[in-house]
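Just need the whole structure built from these sequences, with the hints factored in.
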Amino acid sequence: MTFRTKVFLIFLITVLASVSLVAYGVTHYTQRAFEQMDAQRTQALEVQFKKEFEQRGEMVVQQVENIANAEVTLRMVLDLSRPNADASLYLHDANGAAQSHGLDFVEFVNSDGTLISSAQYPARVGYKNDWVTASKSWDSTGAFLKREELPDGVALSLTAVRTQTVGDKTIYIIGGRRLDKNFLATLELPPGMRALLYSNLDSSFNAISLTDANGPVSQGESFESLIEQIQKHPQDTTKTISWNNDPASAEAFHATPLKGRSGELLGVLLLGSSARELVLLQREILKIAAVVALAAIFIGLLVSWWVSRRITRPVEELADAARDVASGRWDTKIDVRGGDEIGQLAHAFNEMTGTLAAQKEKLVQTERVAAWRELARRLAHELRNPLFPLQITVENLQRARQLGPQQFQEVFSEATATLKAELSNLNTIVGRFSDFSKMPTPEFSKVSVNETLRDAIRLFEPQFTAVGKPPITTEYFLNESLPEIEADPDLLHKAFQNLVLNALDAMPAGGTLSLRSSDAGEIVRVEVSDTGKGLTPEECSRLFTPYYTTKQQGTGLGLAIVQSVVSDHHGTISVSSEEGHGTTFRIELPKRQSDAALKPKKDAPPTEPLSERAATASD
Amino acid sequence: MRSIKSVLRAAISAALALVAAAALQAAPPRFGGTLRVKLRSSRISLDPREWTPGSLNSSDSRKIASLVYDRLVTLNDYGQFQPALATEWTHDATFKTWHFKLRAGVHFSDGSALTPALAAAALQSTSGKNFEIAATEAGLTIHSLQPAPDILEQLASGNDFIFRAQLDGKLLGTGPFLVAEAVPEAPAEANPLATKPARIKLLANENCWAGRPFVDVVEVTLGEPALRQLLDLQVNRAEIAEITPDLVRKGREEGLRIWNSAPLVLVALRFDDALAAPASDSLHEALWLAIDRDTMANVLLQRQAQLAAALLPQWLTGYAFLFESPMNLPRAKELRASFPAGVAGAEQALRLHVDAPGDLFKLMGERVAVNARQANLLVQVAGVGSANNTAAPSDGLHLFAWHYDSLSPRTELETLLRQMPDGSDLGANAADPEQLFAQERRLLEEHRILPLVVLPEYVGLRANVHNWNGSPWGDWRLADVWLEAEDTSSGKAAGSTQKENMPARTPGANQ
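One line per chain: the protein sequences are A and B, in this order.
Just so you know, we're using this note's numbering here: the first sequence kicks off at 1 and counts up by one.
Just so you know, we're using this note's numbering here: the second sequence kicks off at 1 and counts up by one.
Calculated directly from the structure, the hints in this document are not laboratory data.
Among the hints, erroneous ones may be present.
In silico DSSO-like pairs for lysine-lysine, Cα to Cα no more than 27 Å straight-line [claimed, not checked]:
1) A/LYS239 to A/LYS51
2) A/LYS551 to A/LYS533
3) A/LYS181 to B/LYS362
4) B/LYS333 to B/LYS362
5) A/LYS494 to A/LYS446
6) A/LYS128 to B/LYS362
7) A/LYS169 to B/LYS250
8) B/LYS333 to A/LYS128
9) A/LYS438 to A/LYS591
None of these values were measured; they are calculated from a predicted model.
Following this line, the structure appears as structure tokens:
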């Protein structure tokens with residue numbers, strides 16, 4: 001993952017996290033605010049209900065008192081106090097009183113509890129109402145909730161009882177108003193709230209008994225569990241009811257039990273608060289957050305692209321420069337912009353490459369001097385060997401003048417032969433150096449690596465089994481299906497020959513020479529291993545340096561030539577060695593040369609400096 | 001001496017007052033005026049063939065129809081049959097064949113003559129298959145498959161009017177009035193949601209064979225609620241109005257003239273369940289014993305009804321007093337306790353359908369439910385039905401009102417049973433009072449019909465209505481009624497047309 005991607009992702013995640021955090025915070029606090037507001041509204045509505053309940057109760061009490069004190073009631077009590085009074089005369093009086101006083105329920109009850117007249121249930125006249133005669137303090141009792149029997153069912157009533165007495169005769173006047181949807185309609189409900197009333201008048205839950213200001217509530221059965229909970233434990237309870245899968249349909253209901261005179265549960269007031277506004281607001285917040293997030297992502301993309309570009313461009317330049325340095329252009333410089341960390345880094349990089357270039361130049365010069373010294377030493381060494389016999393021979397010839405002619409002739413003949421041999425030797429040495437300086441440009445053609453390797457080995461086979469020498473065994477691990485590669489067969493042969501010769505020199509006590517070839521995709525790998533004494537790491541690092549040798553008689557050009565050939569074939573050579581366990585040279589050659597490489601020699605670029613080849617070979 | 005003079009003076013004053021009052025009472029009948037009649041029924045039919053036996057609606061229809069059509073015979077207040085369109089009648093020894101001689105010179109309101117064929121056709125259409133009616137030269141012959149000694153009672157009551165059907169379907173009669181206008185119910189102009197009551201306007205038949213009626217016009221307004229009718233009487237918007245029993249006491253307290261008939265409406269319960277005996281028997285009997293008829297009659301109906309233990313009233317049969325309707329709540333509870341599981345009225349409420357119209361019948365239904373609850377019987381009032389007594393399709397308990405239409409006990413009981421869902425039949429020879437009594441007792445002991453109360457008809461009359469002569473069985477005889485002039489100061493009867501030379505209508509006059 002690139003630095004730019006990382007910067008972009010970090011920026012993006014930061015933006016999203018910020019927006020999410022803000023959205024969550026706003027939603028959370030909004031919900032809390034709504035809940036608090038709901039609680040306040042519910043409480044206010046409950047207070048309003050209680051106030052309305054009390055006012056209506058006082059009104060009922062007043063109306064019942066008015067009926068009790070009406071002249072017609074006094075006359076009725078007076079008439080009924082007479083012996084053999086006909087109570088049937090007053091059958092419809094309760095109905096008249098109810099209509100004239102605006103009450104839903106009015107009943108006149110005789111002193112013995114017998115119902116004289118009933119507005120709501122006239123068919124019950126003649127039956128006893130013992131509960132009303134059980135109390136003596138009706139005139140000081142306020143209105144209360146009562147279960148009212150009706151011909152077509154039961155109803156919830158806000159009832160008051162008053163008495164009227166003439167002489168010894170007392171009549172009970174029971175009046176009430178129905179507590180139903182009309183009562184709920186008097187409540188001023190805040191938006192999103194509704195008030196329901198459940199008349200707990202049946203033995204089990206009855207959805208029909210649940211009403212709001214418009215009548216029976218649809219889906220009333222959803223309240224069954226809440227009502228049953230109140231029936232078991234008559235105390236304030238809150239429950240949320242979801243009407244469908246949409247969370248906006250949910251309503252939180254606060255249930256308050258309504259009790260009668262004896263504490264029996266007669267009704268339940270349900271104040272519902274819709275979650276619609278909250279959910280819609282939350283959705284709006286989330287929608288805005290989503291839009292903001294999208295905008296932030298878009299802006300973030302632009303900004304992060306700009307920022308990351310601003311941040312990573314110097315870094316990329318630095319990386320490119322580092323890559324250039326790695327590829328050898330040690331004098332690479334980058335632009336220094338600003339004085340920030342990146343600028344300081346660029347400045348430091350420039351200083352570093354400057355130092356590296358200087359050191360490289362210094363090193364090159366040092367190596368060049370060392371190479372010249374080595375060359376001089378080697379030349380001196382190589383040339384001293386034939387010169388010393390020449391000097392001895394010449395001194396012998398000078399001394400031989402004092403000898404007899406025959407002896408002189410013998411000495412002379414021997415001396416000239418020696419001189420000729422040594423001069424030839426000198427010529428060979430010079431020629432070898434000359435050859436190295438004139439390494440030919442490869443001429444590529446289709447070459448079988450295995451065959452070339454076998455040809456190189458074949459030249460040395462007599463030495464493997466030479467008498468008086470420790471035997472050397474060869475082992476072949478050649479991949480016979482290896483394809484032909486594009487290479488210069490002569491140079492390749494020469495390279496292999498030098499490797500084999502190097503291996504033979506490494507095994508003066510005999511050993512095993514292993515040859516291995518393999519197909520590695522676009523390249524062909526060749527390994528030449530010996531079981532000699534091996535090399536030290538320091539020797540390994542300098543092995544391909546020209547004129548460096550670990551042998552007494554070597555010129556130090558063999559492996560340099562190998563490295564030069566491999567490099568001219570755009571391949572690589574490496575060495576691995578372990579002291580006491582032998583050395584392995586590994587050459588990797590491309591199967592196909594580039595078009596540029598296949599051009600004629602004249603167009604070929606100059607060969608790499610020796611030092612660079614050594615660096616490549618030592619990698 | 002002085003006191004003797006004072007006494008003498010007072011006696012003379014009293015005598016003069018009595019003479020003046022008598023003179024006033026004996027004032028001659030006055031022709032003219034519009035008689036405004038208010039009825040509760042919202043729709044009536046003047047076609048006897050459409051009437052439903054026993055229904056309150058048909059009873060009102062019959063009252064108005066009797067102004068337009070005549071019968072062959074009538075019954076006077078002394079129980080004597082009077083000639084009407086038939087002047088003579090004879091029968092054979094078996095009472096199966098009756099011969100009636102038709103009155104001559106009688107014409108329908110369009111002037112066409114009444115013929116034996118038309119009379120036979122009209123009677124055949126209303127009497128059904130019980131009789132074969134044939135026209136003769138001077139009258140008609142009625143042949144019954146069973147002995148019909150009570151055929152005169154039948155002809156003097158019920159649907160047996162003589163009429164002629166015109167081509168357009170309208171019926172013409174020979175009665176004292178003819179139909180001038182029949183306005184059906186229509187939306188009110190002021191409030192389209194409300195309906196103007198239907199009206200029927202009848203004009204005096206100047207050429208009636210029995211003489212011209214006293215009033216010129218009878219204007220009948222239908223669909224008037226009971227309390228509204230009472231108010232109409234009080235504020236001079238009606239001369240005659242029906243009064244419900246619960247308003248009778250109030251009307252009398254307020255000084256209204258209220259006439260009542262003999263008990264004409266039976267209020268009873270009917271079981272239409274399909275329960276198998278003995279469960280149904282126990283339920284029927286338990287309910288029978290649980291009902292407090294006394295409170296129903298004396299409190300709910302304000303002492304304007306009589307307890308009913310029989311299906312037919314005492315005035316019609318003479319033996320109704322032999323039946324009893326005891327209330328026995330402990331026994332009812334015992335019976336209830338013996339109910340097997342699943343019986344309606346025990347675990348699940350027995351639905352009580354109130355088939356009669358009006359709040360009064362609904363109240364009675366509710367009282368039945370309250371009484372039943374005292375015996376641990378669950379009865380729930382399901383709804384209030386129409387005025388027609390056709391058996392409601394729903395099972396359960398029905399509270400219905402039955403108007404006695406016939407003067408023949410056998411016919412009445414037979415008709416009543418025929419209207420019941422199981423369609424019971426009295427069988428032959430039920431004309432014998434003892435057999436009729438036995439049949440009725442058997443029916444009552446089955447407890448499929450539980451009589452509750454019988455109600456008279458109450459009619460409120462304005463003070464200017466004279467010569468009201470309603471029959472105990474509910475005939476209003478409006479042709480005999482005359483109206484006193486309203487505006488005496490001007491010496492002119494408002495809206496009246498004095499017919500000095502017209503003969504006074506004499507009911508039953510056949511000459």
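Could you tell me which of the hints above the structure violates, numbers in ascending order? When the structure is compared with the hints, none of them turns out to be violated.
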